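Novice: Protein sequence lines correspond, in order, to chains A, B and C.
For the first sequence, this note's numbering begins at 1 and goes up steadily by one.
For the second sequence, this note's numbering begins at 1 and goes up steadily by one.
For the third sequence, this note's numbering begins at 1 and goes up steadily by one.
Keep in mind the hints are simulated off the structure, nothing from the lab.
Being a predicted model, the structure only gives us computed values, none of them experimental.
There may be inaccurate statements among the hints.
[Said to hold, decoys possible] Listed next, with one range per pair, are the computed distances between beta-carbon atoms: (1) C:L136 <-> A:P123: 42 to 52 Å; (2) A:P123 <-> C:Q280: 58 to 68 Å; (3) B:F454 <-> C:L136: 43 to 53 Å; (4) B:Y841 <-> C:T275: 20 to 30 Å.
[As the list claims (entries may be wrong)] No farther apart than 20 Å at their CA atoms in a straight line, the calculated lysine to aspartate or glutamate pairs in the EDC-like style are these: (5) A:K88 <-> B:D587; (6) C:K316 <-> B:E938; (7) C:K205 <-> A:E149; (8) C:K14 <-> C:E443; (9) B:K678 <-> B:D587; (10) C:K205 <-> A:D4.
[What the hints assert, rightly or not] Some, not all, of what chain C presents toward chain A, calculated at C-beta under 7 Å: (11) K14; (12) T17; (13) N140; (14) L144; (15) L154; (16) F157; (17) A158; (18) R190; (19) G194; (20) K292; (21) F420; (22) A433.
All C-beta atoms, glycine included, are put in the ideal place defined by N, C-alpha and C.
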Amino acid sequence: MIGDVVGLIGYFPGPDALRNGIETAVRSHAVDPVAYTPIPDASAFDTLRPSSSPVRWVALAGGLFGIAAALSMTIWMSWDYPVIVGGKPITSIPPFMVAAFELMVLFGSIGSIAGFLWFSRLPDLTPSQAYRPELAVDQYAIFLPLGSESERGRVERILQDAGATEIAPVLRSERGRLEVLD
Amino acid sequence: MNRRHFLKVAGVSTAAAAAQGCSTRRGPDKVIAYPASSETNKPGISTEFATVCRECPAGCGLIAIARDGRAIKVDGNPDHPINAGKLCLRGQSSLQGLYNPDRLRGPLARDEHGRLAPISWEEAEKRLDASLGSLNGKSVAWIGQVETGAFDRLTDAWLAAVAPSSTRIRYETYAYEPLRAAAGAMLGQAVIPRFRIDEARTLICFGADFLETWLSNVEYARQFGEWRRARTEGKHHGRYVFIGPRLSLTGANADEWIAVRPGAEEIVARALSLLAAAKGRVPAEAASLAESAGVPVETLSRLAREFASGPSLALPPGSAQDGPRAVAVHEAVLRLNQAVGNVGRTVLVDAPHALSTASRHQETMSLVSDMREGKFGALFVHRANPVYALPPSAGFAEALKSVPEVISFSSYPDETTALATLVLPDHTPLESWGEYSPRSGVNGLMQPAVAPVFDTRATGDVLLASAARAGHNLGAAEFREYLRKEHGGDDAAWAALLQLGGAFSEPAPTPARAAAPLSAPSGPAPVPVAPADGRLVLHIYPSLHFYDGRTANRPWAQEIPDPMAKAVWGSWAEIHPDAAKRFGVQDGDVMALETAAGRIEAPALLTDRVVSGVVAIQRGQGHTNLGRFADGIGVNPLALLPAVVEPASGALVVSGGDVAVRKLAVRRPPVVLQTSMKQVGAAIARAVTVAQLAWTRRKGGLNGEGGEEEGPLRGRKNPSLYANAQHPKHHWGMAIDLDTCLGCNACVASCYAENNVPVVGREGCSRGREMSWLRIENYTEEGASGLLRIQAKKPADTGPRTNLTRFFPMLCQQCDNAPCEYVCPVDATVHSSEGLNMQVYNRCVGTRYCSNNCPYKVRRFNFFPPAFEPPLDQQLNPEVTVRSKGVMEKCTFCIQRIEAGKVQAKAEGRPVRDGEIRTACQNACPTDAIVFGDLKDENSRAAQLAKGARGYGALEELNTLPNVTYLARVRAE
Amino acid sequence: MTTNGAAPQGDVYKQVTEDVLRPMALRGPWWYGGLALTATMVLIGAYSEFLQLHYGMGKAGLMHPMMWAVYITNFVWWIGIAHSGTLISAFLYLFRAPFRAAFSRAAEAMTLIAITTAGMFPLIHLGRAWRAYWLLPYPNERLLWVNFRSPLVLDVFAVTTYFIVSTLFFWLGLVPDVAVVRDRARGWARTAYGLAAVGWEGRDKQWKHYLMAYAILAGLAAPLVVSVHSVVSWDFASALVPGWHSTISAPFFVAGAILSGLAMVLTLLIPMRATMGLKQYVTIDRMDQVAKLTLVMGLVVSYSYFSEYFVTWYSKDGVEITNLMNKVNGTFAWEFWLMTVCNCIAPLAFFFRAARRNIPTLFIVSILINIGMWMERFVIVAGSLSHDYVPYSWAPSGYHIKPVEVGICIGSVGWFGFLFLLFCRFLPVLPIAELKRDILLEEREEHAVEASAALREGHAQPQPEVG
């Protein structure tokens with residue numbers, strides 16, 4: 001029965017409480033803490049994960065690809081079946097630049113979306129075991145996974161210090177995913 | 001026309017004719033029997049038949065191009081002395097006469113319900129014999145157009161054979177009785193003289209529309225073109241002055257228009273002859289005459305001086321001006337010519353025109369009274385439509401009722417045929433054998449270009465057969481044989497005649513008569529007609545498109561805009577803005593015009609191209625029974641004419657009467673395709689004066705100034721980031737001479753025929769959807785840049801005017817930097833390596849962006865699927881795609897002809913010769929104003945002309961690099 | 001420790017969610033009625049288009065020389081409307097504008113729907129619409145590609161890109177909110193929303209990448225908006241037609257687009273906030289702020305008009321001038337003056353606070369601007385074409401609009417309304433998470449202010465970390 005406990009989740013009364021909680025938890029070396037909040041509170045996330053998101057690099061790559069694709073397409077297609085049009089040269093750079101810009105934006109955007117999905121391991125339609133619908137509305141929580149039963153006390157203490165108003169064990173059940181695995 | 005090709009093919013055309021034309025017994029179902037494909041009749045190879053155009057009495061030579069048994073195009077016969085390869089709009093439209101959907105399918109006869117019902121030819125012949133058998137002593141009347149040669153003789157022979165007695169009317173709507181009468185009095189021969197415009201310097205025209213319908217419009221247009229070209233080349237400094245109450249197309253080509261009230265022509269002519277005789281002095285009588293004519297005497301004396309110096313020509317008034325004193329006017333004009341010794345030089349009686357034999361209106365009227373009195377047992381009508389062409393007040397239609405048998409040979413259901421008891425439809429000229437000699441020395445032979453489209457029979461055959469049945473042998477069983485016999489000679493000679501298109505010889509030169517002493521004019525000088533208030537003087541003028549109305553059922557004639565009014569599909573009454581003000585009439589208001597004889601309603605078209613006392617209406621519309629394209633379109637102004645005969649010549653009095661004018665509450669503006677006759681912002685149609693031209697020549701000759709390649713009218717070269725288009729082999733281009741362009745629409749009609757351009761009808765035209773690839777723009781004045789508003793200045797009335805009109809043929813300019821090309825998303829319009837701007841119909845998706853971006857607005861969009869009502873579709877040119885709904889189209893420089901020319905050259909292993917490829921418009925142009933050629937070849941005519949001092953590109957400031965070069969019009973002052 | 005603040009706080013945030021989601025449960029007659037009405041309009045449009053396809057473009061009032069008119073006008077008009085959406089959310093997001101949240105969701109939805117509407121017109125106006133796919137560079141047996149020099153092809157690129165990027169932007173903004181909806185939904189709806197929410201749980205890591213992606217998208221969408229309408233303007237500017245061929249076109253068109261977009265936002269939000277009980281979120285202050293923005297854009301547009309006419313006059317170019325005069329007091333006069341009144345005069349009302357805060361006034365002015373902007377495009381498209389270089393071919397009169405064109409216009413409006421009604425019913429009309437963040441930030445601000453005040457008074461105690 002004990003072995004079914006995969007971790008403890010502590011609930012916090014509000015965003016500010018959550019932020020303070022996160023800071024404390026980090027200071028007391030919590031292992032793989034995961035915060036749940038319906039409110040995007042950048043400052044809190046930064047204390048939890050200082051490194052900035054790599055999504056932007058994916059976006060950049062996408063943008064560059066877009067430019068390359070557009071230029072090569074327009075120029076190659078113009079030469080593949082060259083026709084004299086309005087006395088303009090076959091490689092008419094000015095109009096081709098427009099296509100390049102548009103595709104740059106297009107693939108840049110696609111890149112950023114792809115990056116977001118990839119790095120946050122989405123899409124993933126099976127909810128994690130700690131998740132509760134209220135967490136998307138007005139509840140704020142920190143989940144700490146348990147490596148072994150022995151850690152339970154320490155972890156519980158960390159959550160109390162962090163100011164959790166309610167602490168509940170998260171049990172392994174058939175459905176749902178173990179948080180630490182992600 | 002490619003001569004070699006022509007000789008090669010048409011040389012054997014007798015056989016072809018035998019195979020195609022003569023099989024009149026063949027049913028209309030098959031156009032051609034492929035198994036019997038003769039050597040002139042190979043699938044996909046076009047055959048050219050020399051024949052004669054019978055759309056009007058001018059009798060131009062035709063080359064009918066037949067392909068797979070279908071006539072797809074007619075051009076002028078280059079060997080024919082009258083038109084030398086040119087052809088007018090009416091001639092072009094003969095194809096739509098041949099394939100007219102309203103043509104009679106076969107013989108008809110009145111049934112018991114009094115309706116014309118189809119019958120078989122056997123029955124028809126029985127009916128004919130019956131009507132001839134039941135004459136019991138009564139006479140027979142024949143009304144037919146002027147014929148010469150075989151058919152003329154056959155008609156007489158037949159009438160003599162079958163009828164106890166007969167009256168024959170050689171009916172012509174325009175029979176020029178006053179001219180003939182005057183010639184009889186002044187020149188000793190009551191015939192229609194020959195005029196040599198090209199031999200004259202100073203040219204005075206008292207109203208004859210010699211570029212439209214007068215006598216022989218193509219011939220005179222050619223001569224006039226020569227005259228203008230000679231002046232432009234500095235060979236003479238003559239002026240052309242037009243005198244009359246309305247500025248016709250012919251007048252619009254003048255250097256000066258002396259606008260006078262109707263009836264004043266004679267006064268001016270008298271004044272001029274006095275002044276000419278007085279050698280510089282101004283006799284008091286001349287001054288008073290000028291005064292009463294409302295023309296400054298200085299103008300006249302100057303004109304008289306020019307006229308007296310050197311060869312000149314004064315042309316008489318046109319049939320529109322036949323008033324009560326018609327003969328006197330014509331005499332006055334001939335006297336003027338005599339006074340300066342033009343007779344024998346530019347006025348020749350050596351070869352009278354065939355029209356000299358036409359019956360006078362008088363005779364027709366006496367025929368009418370005879371008909372009323374029941375003198376005739378039968379009346380035959382052949383290629384004439386008197387019920388329409390005579391004023392209703394002449395009572396021809398009523399008179400017909402008292403003739404028991406009215407037999408019509410008409411190919412079309414016209415107004416006269418509608419009243420016939422028996423209809424034996426003749427072939428149209430393009431299906432017929434025959435001959436026509438417009439003047440002695442010129443005898444054109446007609447041979448069929450195609451097998452009969454419907455179950456019709458050559459009237460010649462019908463006559464011969466009926467004579468044979470009555471036991472008379474007129475010498476042949478079929479008319480073709482009859483014709484052949486008339487000419488004799490062996491078959492080779494006959495074939496040669498046929499391939500040449502007839503027997504031609506110039507008349508022997510007659511000695512010029514010395515300037516005769518000025519003979520006294522007959523009677524006192526008239527006073528110009530002044531209308532009572534509430535009335536206007538009626539001016540009914542012949543139509544360039546419809547002649548007397550006979551071609552009104554041809555879509556091209558209706559859809560191509562009138563050269564002056566630029567209106568289509570209807571009638572309009574031209575009145576002067578001042579007069580309009582008097583009657584409170586706005587442009588487009590319907591006016592009721594009323595005389596004792598009748599009443600018509602026509603929309604007003606305000607223009608200062610008529611004098612203020614006149615209301616001018618064109619003849620030829622308002623048909624009731626000619627077919628789907630003509631019936632109910634417009635009005636027939638003849639309804640207003642009392643049937644008055646001018647005693648001295650027996651002509652119908654057309655002019656001088658006045659009409660009561662009333663404005664109606666209705667507005668029905670005529671469909672006018674040209675929105676602005678002023679050039680406002682742009683300077684598209686340009687002109688130089690003779691003086692400027694001479695100056696330019698002195699400066700740099702024809703190669704422009706300072707060795708520069710192009711003339712001074714050229715805009716400065718626009719700098720460009722890109723290299724101009726390269727043309728490795730050819731660089732097709734065109735030079736259009738605005739100086740010799742007469743605005744006669746022949747090129748437009750030719751383009752319609754060659755390129756399968758669809759007709760959209762009145763509705764389409766009224767919504768700006770006409771499909772014409774080539775249009776003649778008509779501008780009244782110089783374009784001034786930077787104009788904010790057009791100041792409506794007081795319109796001029798009577799008196800002299802100059803800088804009259806500029807005609808501007810607008811077609812695709814085939815720009816090297818074509819604005820239409822780069823905006824097309826799918827490359828449906830691209831530039832060829834030969835400098836052509838090509839439209840790829842089957843790639844076009846119809847964004848219409850190209851049309852928006854074309855500064856010349858020459859691209860045409862198919863808003864609906866094109867309609868060619870059978871059998872009109874048989875005329876379609878198989879070399880040209882018929883465009884589908886939703887695609888753009890435009891002038892291609894007749895690319896099919898270009899390719900054919902290149903293939904020909906390649907086959908003969910030689911380079912393309914300059915002038916061997918001719919576009920359709922170029923072919924038709926009576927004055928060779930359009931020259932097509934390879935600009936890459938320095939010596940091609942097009943290239944030479946393009947480099948000339950008058951050359952400029954339309955809107956070239958937009959850097960479109962057009963491949964069409966316009967040569968500025970030349971003005972006398 | 002802020003336990004005491006927790007409960008009310010929680011309530012506020014819960015309240016936000018409830019308020020925003022409530023409309024999704026609404027099934028008023030106004031909604032079904034609207035749906036029925038707009039559906040009928042769509043059918044009318046479809047029938048008109050059928051007629052046009054069957055008989056040919058001749059069914060429309062198009063004529064030589066006015067080869068473009070109503071359809072292209074509609075295209076530009078709808079594209080213009082499509083602009084405010086992404087523009088408002090992207091720009092205001094980048095500028096951290098506080099009132100963004102009140103409009104962004106509705107505006108973005110409007111953008112998407114407007115693009116789908118606009119996108120139909122280039123097809124409708126084709127002479128051979130069944131060949132529309134030829135505008136795409138796809139390998140074909142003719143070995144033909146497209147002409148990349150043609151502004152129309154660039155349009156295809158720009159508009160398609162704009163549609164895709166706006167869709168992504170819209171969806172990304174929706175993810176956290178859709179997750180809430182998912183958790184409440186049952187059955188197929190749960191599956192559908194679940195798919196849309198791609199398993200969002202609001203975990204910190206998800207949020208981190210989410211925020212980055214959203215920022216980048218906003219950064220890319222902002223210039224895209226500008227570029228798209230510039231490209232549309234080049235449809236005209238790169239042609240020779242007087243009245244089109246002008247370098248000011250791009251900024252001029254963008255300004256016009258923003259103006260019409262803002263007007264349309266007002267036109268849509270005013271009924272929405274009334275019927276959906278969102279008044280406390282889309283407050284009158286928010287309206288006021290949009291009205292100010294509208295006023296500014298109205299002035300910018302007026303200035304563009306002025307400078308264009310000035311340059312025309314200054315050029316002394318006869319063709320340009322006659323072309324302009326034909327609009328001012330020629331065949332396009334009433335369209336021209338209607339445009340001027342609606343776009344230049346009407347917005348001036350927003351100089352007055354009372355007008356900016358008076359709902360009826362806001363609504364009327366917004367409608368006027370919508371009309372005015374349509375007229376502007378019509379005058380530019382048809383008016384300029386009607387009177388160019390060759391006097392022979394000038395249009396003799398103004399443009400005569402024909403039934404099929406009216407029908408198709410009705411259809412497009414119906415289509416827009418239909419989709420927008422569906423949006424109101426099936427998606428959260430305001431960005432929930434963002435509203436919450438705004439509240440949070442506000443409170444923190446107030447809290448900080450209090451704290452500093454207390455410090456200055458000198459008897460403030462630093463709060464203990466843990467209670």
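Novice: Of the hints stated earlier, which fail here?
Specialist: 1, 2, 4, 5, 6, 7, 10, 13, 18, 20, 21
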